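What follows is the residue order along each chain.
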Amino acid sequence: MRSAASVITALLLALALAACSGGGGRAPCPAGLRCLEAGNAGEPLTLDPSKSQNVWEGNIQYDLFVGLTQWNARGEVVPGMATSWEVSPDGLIWTFHLRDAQWSDDVPVTAGDFVFALQRLENPATASPTAYLFYPIAGAEAVNEGKAALATIGARALDPHTLQLTLTHPAPYLPLLLVHTSALPLPAHVIQRWGDAWLDPAHIVSNGPYVLKSWQIGQRVLLARNPRFWDNGSVCFDQISYYPTADAVTGERLVQSGEYDLNYTFSLPRTRYLRQHMPAYVHGVPYLAIWYLSMNQRVAKLQDKRVRLALSLGIDREFLADKLMGHAPQALYSFTPPGLLDYTPAAAPAWSHWPFARRQAAARALLRQAGYGPEHPLQLEFKYGETAKISATALQADWRAIGVDASLAPEETQILYADLNAGNFEIAWDGWAMDYDDPMTFLELLATQTGSQNHSHYSSPRYDALLSQSDQQRDLHKRAQILAQAEAVALDDVAVAPIITDAARYLVNPDITGWVDNPTNWHLKRYLCRKGPPPEVR
Amino acid sequence: MLIFIARRIAFAIPTLLIVITLSFFLMRLAPGSPFQNGRRLTPEIERNIMAKYGMNRPLAAQYLGYLGGVAHGDLGPSLKYQDKSVSDIIGQSFLKSAMLGLTALVLAIAIGGTCGIAAALHQNGRADYIATLITTLGICIPTFVTAPLLVLIFAGWLGWLPTAGWGGPRNLVLPVLVLALPQIAIITRLIRAGMIEVLRSNFIRTARAKGLSQRRILLRHALPAAVLPLVSYLGPACASLLTGSLVVEQIFALPGLGKFFVTSALQRDYTIVMGTVILYSALILVLNLVSDLIYAVLDPRVRLT
Amino acid sequence: MSGAAPDLAFTGDPETASQPTGRSLWQDARRRLFRNRAAVASLALLVIAAIVGPWLSPFAYDAMHKDQIWSGPLAYGHLLGTDALGRDLLARLLLGLRVSLTVGVVATAVSLVIGITYGATAGYFGGRIDEVMMRIVDILYSLPFIFFVILLMVTFGKNFILLFVAIGAVEWLTMARIVRGQTISLKQKDFIEAARAAGLTSGAIIRRHIAPNLLGPVVVYVTLTIPGVILAESFLSFLGLGVQEPMTSLGTLISEGARDMALAPWLLFFPGIVMALTLMAFNFIGDGLRDAIDPKDR
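Residue numbers (numbering that gives the first Met the number 0), protein chains in the order written: chain A, 0 to 537; chain B, 0 to 304; chain C, 0 to 297.
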C-alpha cells in the first residue's frame, strides 16, 4: 500500500510540475511576431484549389491565393488580381486586366496561370468535384466530359496581363463566380515541374498574403507571411496556425481558454449556452445556406400538394431557429436565404404570419381533405443525417401534433446522399450552401434538367422556362426579378418545405479586431489583427 | 523455440491474407461511396473520379491490384485525403498514437501492478476494499465521460494543463491519464487475482518455510507467476492501445490513428481502412507471439512446440 | 471486463474471464455475500425500474415541452430536469435503462448461442475440426472489431435489432474459446464415456451432457459480458451508431450529457449514476459467482 501511495504521489507531483512549468497551452510564437491560432473544423482533405470543396479548406486557400476577384472584410466581392474588366455587348466575352504581381518565388503571375488553372480544373484527369461550376465558360463541359481538347476551353491569355473568357450564355454574375476557390490562379511553372507533389511545402508557391510553411496531417497547417504579396503592408499577422477541431466542444474550450484566437465553427444547439457564457465570443448570423425538407414527388402520397403543404405548415420553424438554436439561424419560408447580393427572395406565403396554432389547424384541415384522419393517419418515413438529429426529432413531434405518423430513419451522410440522388426516400432533411453569391446556386436545384440532384423530383415547365429566360438576361436587376418569379412558382407548388437558414458560425476572441459578421461566412485572415501595441523585437 | 517462432510466422502470412481479403470485400460491399458527400456530383464528374482511382475496373481486378501493391509495401493513395498516401497518413499518425498508448500502458502497469500487489497482500483489508471499489469504477466509466471531465477540471477550472492539441509533453498528461485509467483498473484486478492464487500455492509455502525474506519471496518467486494472466492480457490490449482511441483523439484533438481509422470507415476511405486493418492484424499477431514467448520464459511448465 | 479495453477491439480475452480469484476465506465469503446481496438487491431494483418505470412516469419519453427546454431538476414538475427539446429526463432515463439492459441481455444471449454451439462442437470433435474452427477464431480475433460493427451498422441500417446481432457477433469469440476449453476437459470424464458406450449420438451427448455441465463458467462469463455489452453500446452511441431517436439508451444519454455537461450537468449526472450502479452491480455479482462456482473451490 505504501508503494502504491508513493507511485500515486509521484504521478501527482509530475502533474503539478507540468502545471507549474507554464501557464495555459498556447503554442509558442517567435519573438517579435504576431501569431494567429485558428481552430478550423476539419483536417483539409486537400489544399489543391482544383480538387477541394470544403469551407475549412477554402479558409486556408484564400490565405495562400488571390483570384481575379476576392472577398473583402465585409464578405463582398471586389477586384483582386484583376483590376478592371470589360464585357462585350452580347455579354459573352469578358476581358480582364491583371495587376503586376509575383508568385512567392518572384516569378510573375500571368494570365497564362489563370488559363492553366481553368484547364486543369476541367481536365477529366484532375477529377475535380467542382468542375461543373465553370460550365458557363465555353467548351468547359465538353472538355470535362473528355470530348474535347483542353485548349478548346474559352479562356485565353491575350498577353501576360490580359485574360479573355468566352461564355456560353450571358452570366452577369461571373465576377461573383470567379471568387470561388476553384478559379484561383495556379503556378503553372511549379505544377508542370512537380505534378501532384506541387503542394509539398518545399515546392509550393503562392500569390496571396501567406505561404505554406508546413502541414502535419491531423495536427497543424502553418502559414507564414509572404513578403512578395502586393498588399503585404496592410497584413497584420505574421504567422497563422490552423488546427483541425473535429470536436466542436473542444473547439469552444480552446477559444475560451485563450489557446486559440478563433474557431470555425460551433454546434448550433449549443448557441444558446454560448450566448450566455461567452457572449463576447459568439458570432452567429444567418448564412447563405438553407435547410429544407425534400419531399419525393414520385411517391404517390406526396404528389398531393395538400399533403406537402400540410407537412410544411406543421413545422415549428421559430422553435428550431430561435429557441433551440439561439437565434443564430433564421426561420425560412423561401427557397433562397435572405442576404443574397442584389436579390430579394420571393414573398413568404401568407400563412407565415399566422400564429403556429392556426397553421396547425390549417394543416389538419388539409390532411382531412386529402383523406387522412385519426383512423387512417398519414404515414411517412423521414430520412436525415447525424447532424440533423435534434431537429428531426423535433419535426417528428411537430407532425405527430397534426396527426402525421413519421418514422425516423437516421442515415449516415454517405448513404443519405446516395439515397437522395437515387430517389430512394419519402421525405428527407436536406441542405445546400451557396457556391457563389447568386440565387441561381439554389434555384438550379429544382430545375427538371438538374436530374438526380433535384431530390424532390419537382418538375414545372413554367419554372424551367423562367430559369432559362434568366440565363439570357444580361441585366442583373431584371434577371433578379425573373428568378424571384421562378422562386414564387416553386414555393406556390410547395416543391420543398424550407425550414431554416444555416448560420455562419465562429467563436472569436474579443481582442481580435477587423472582424465583420457577414452571410458569406468568409473571413480572410489578412484583414484581422489583435488589439494592443505590436510585439517588440528583442 | 526457433521452430515455434517459425511456425507462428508461417501461420501469420495466410492469416494476413485472409484478413486482407475479408476486409477488402466487406468494405466494398458496404453501401455508400467515398465520393458521395452531398455536393452535386454529375455523372461525368463521378466517372472522372472513379477512373482516376481505378474504381471503374472489375472488383476482382481491383483486388488483385491492391494485393500486388501491398506485396510491394504500397498501400495506395488515400481516397479522401487526396494529397497524401496511406503510408504517409498511417505512418505519421501511428507513431503518435503508439507513443501515447505506450506511455499510458507503462503508467497503467506501474500503478495497476503496485495497487494489485498491495491489494493482494492486504486481502480483505481496507486497501483491498478501496482498490476493488476504484477499479470497478474505473471499468464502469466510459472514456468519453472521463476525458471531458478531466479537461473541465484541470484545464477549465484550474488552468494547469492545456485543453487539447498535440504540442509539448504537457499536452499529453490528460490524454495519457484518460487512456490509462481503465487499464489501471483491469491490471489491478488481474495482478490481485494472480497474486492471491500464487501466495497460497505450495512453492511459496516452501519458500516461506525456508525462511526467505518477504521481499525476496514476493519479487523472485511470487511475482513472475502472478503476472502470467497479465501477460496474456497485454497482447491484444497493447495492439488496441497502440493503434489509438477515437474518443481520446477526438476530444483532445490529437492527430492519431484511431480517429483516422473510424472516420475513414464511416466515410468509406477504403484504402486507409484497409491499411489500418492490416497494421492492426499484424500487430496482434506479433504481440501475441511475444506474449507467448514471455509466458514460456516466466512459466517453466509451458513448453513451446 | 470486456468493453473496458480501448476502441479498436472491444472484446475482452478468455484468460481473464475464466481466471480464478482464489479460494475465499470464511469471513471473506461472508463479506462477499453481503456485498453481493447489496449488488443483487440494487440490480433487482434497477430491473424493476426498467420494466415498470416507463409506465409509471407522468411524462412520455418523447413528449416535447417547447417552453421548458434545458430545465434543471424539479422545475415544472420534471423531477430530474429536461433536455434540449424539453423532454423529461426521468422518463428518458427509465427508457434508456430498459433499452440498455435489453441490449445487454439479448446481445449476450446471441453471443451465448453462437459461442456455445461453436465452442462445444470444436471441443467435442477435437482433432482437425477443432484445429480449423479455432484457427478461424484466431483470424477473427486479429480483426479490429469496431470495423465489423461499423460495416454491419452501415450495411443494414441503424436498426435496433441489428445492434444486438452486431454486438453479439463480436462477443461470441471469447465465449467459444471458454466453452471449447471446458468441453475438452469434460470429454475425458467417465460419464461421457458411459453415454457414448450406451450408444448416444454426438449431438445428443453435446446437448444432454456437455452443455449443462458448461453452465458454471458460462454463467460467470455472462454476468461479466452484459456490462461489457452495455459499454460497447455506449461507445457506438458516441459514434452516432447506437440506439436512435426518439428512443434512447444509457450510453446515448451519457454521451450527450458529457457533451453538454457545462450547460446542463444533470444530463450527465443522473444517467452517469444509473450507468455506474448497473455496471457495478453486474461486476460484483459476476465476481461473486466466479468465486462460488470456480471448480477449484469445490
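Keep in mind the hints are simulated off the structure, nothing from the lab.
All of these numbers come straight from a predicted model, not from anything done at the bench.
Among the hints, a few may not be true.
In silico PhoX-like pairs for lysine-lysine, Cα to Cα no more than 25 Å straight-line [what the hints assert, rightly or not]: (1) A:Lys388 with A:Lys322; (2) B:Lys83 with B:Lys51; (3) C:Lys65 with A:Lys322; (4) A:Lys212 with B:Lys51; (5) B:Lys83 with A:Lys212; (6) C:Lys65 with A:Lys388; (7) B:Lys83 with A:Lys146; (8) B:Lys83 with B:Lys95.
In silico negatives: residues of chain B with every beta carbon more than 12 Å from chain A [unchecked claim]: (9) Thr14; (10) Ile48; (11) Leu66; (12) Asp73; (13) Ala97; (14) Leu132; (15) Trp165; (16) Arg199; (17) Phe202; (18) Ile250; (19) Lys258.
For every residue, glycine included, the Cβ atom is placed at its ideal position computed from N, Cα and C.
Verify this label for me: Phe202 (chain B) is non-interface relative to chain A, using a Cβ-Cβ cutoff of 12 Å.
Answer for Phe202 (chain B): holds, closest chain A Cβ roughly 24 Å.
Is the Cβ of Ile48 (chain B) more than 12 Å away from each Cβ in chain A?
At roughly 4 Å from the nearest Cβ of chain A, Ile48 (chain B) sits no farther out than 12 Å, so the non-interface label is violated.
Since Ala97 (chain B) was said not to touch the interface, does its Cβ keep a gap of more than 12 Å from each Cβ of chain A?
Since the minimum Cβ distance to chain A is about 14 Å, Ala97 (chain B) lies beyond 12 Å and the statement holds.
For the pair supplied as a hint, Lys83 (chain B) and Lys146 (chain A), is the alpha-carbon distance within the 25 Å limit?
Answer violated: Lys83 (chain B) to Lys146 (chain A) is near 30 Å, above 25 Å.
Below or equal to 25 Å on CA atoms is what counts here, so check Lys65 (chain C) against Lys388 (chain A).
holds, 17 Å
Closest CB-CB distance from Lys258 (chain B) to chain A, is it above 12 Å?
Answer for Lys258 (chain B): violated, closest chain A Cβ roughly 7 Å.
Is the hinted pair Lys212 (chain A) and Lys51 (chain B) satisfied, with a Cα-Cα distance of at most 25 Å?
The hint is violated at about 29 Å.
Confirm or reject: Leu66 (chain B) is not an interface residue toward chain A, with every Cβ-Cβ distance exceeding 12 Å.
Leu66 (chain B) is indeed farther than 12 Å from all Cβ atoms of chain A, at 24 Å.
Against chain A, does Asp73 (chain B) keep a CB gap of more than 12 Å to every residue?
Nearest chain A Cβ is 16 Å from Asp73 (chain B), so the label holds.
Agreement of Lys83 (chain B) and Lys51 (chain B) with the hint, judged by alpha carbon distance not exceeding 25 Å:
holds, 15 Å
Would the non-interface assignment of Thr14 (chain B) survive a Cβ cutoff of 12 Å against chain A?
It holds; Thr14 (chain B) is separated from chain A by about 30 Å at its closest Cβ, greater than 12 Å.
With a cut-off of 25 Å on the C-alpha distance, tell me whether Lys65 (chain C) and Lys322 (chain A) pass.
Judged against 25 Å, a Cα distance of about 8 Å means the pair holds.
Consistency with the previously given hints fails for numbers 4, 7, 10, 15, 18, 19, ordered from lowest to highest.
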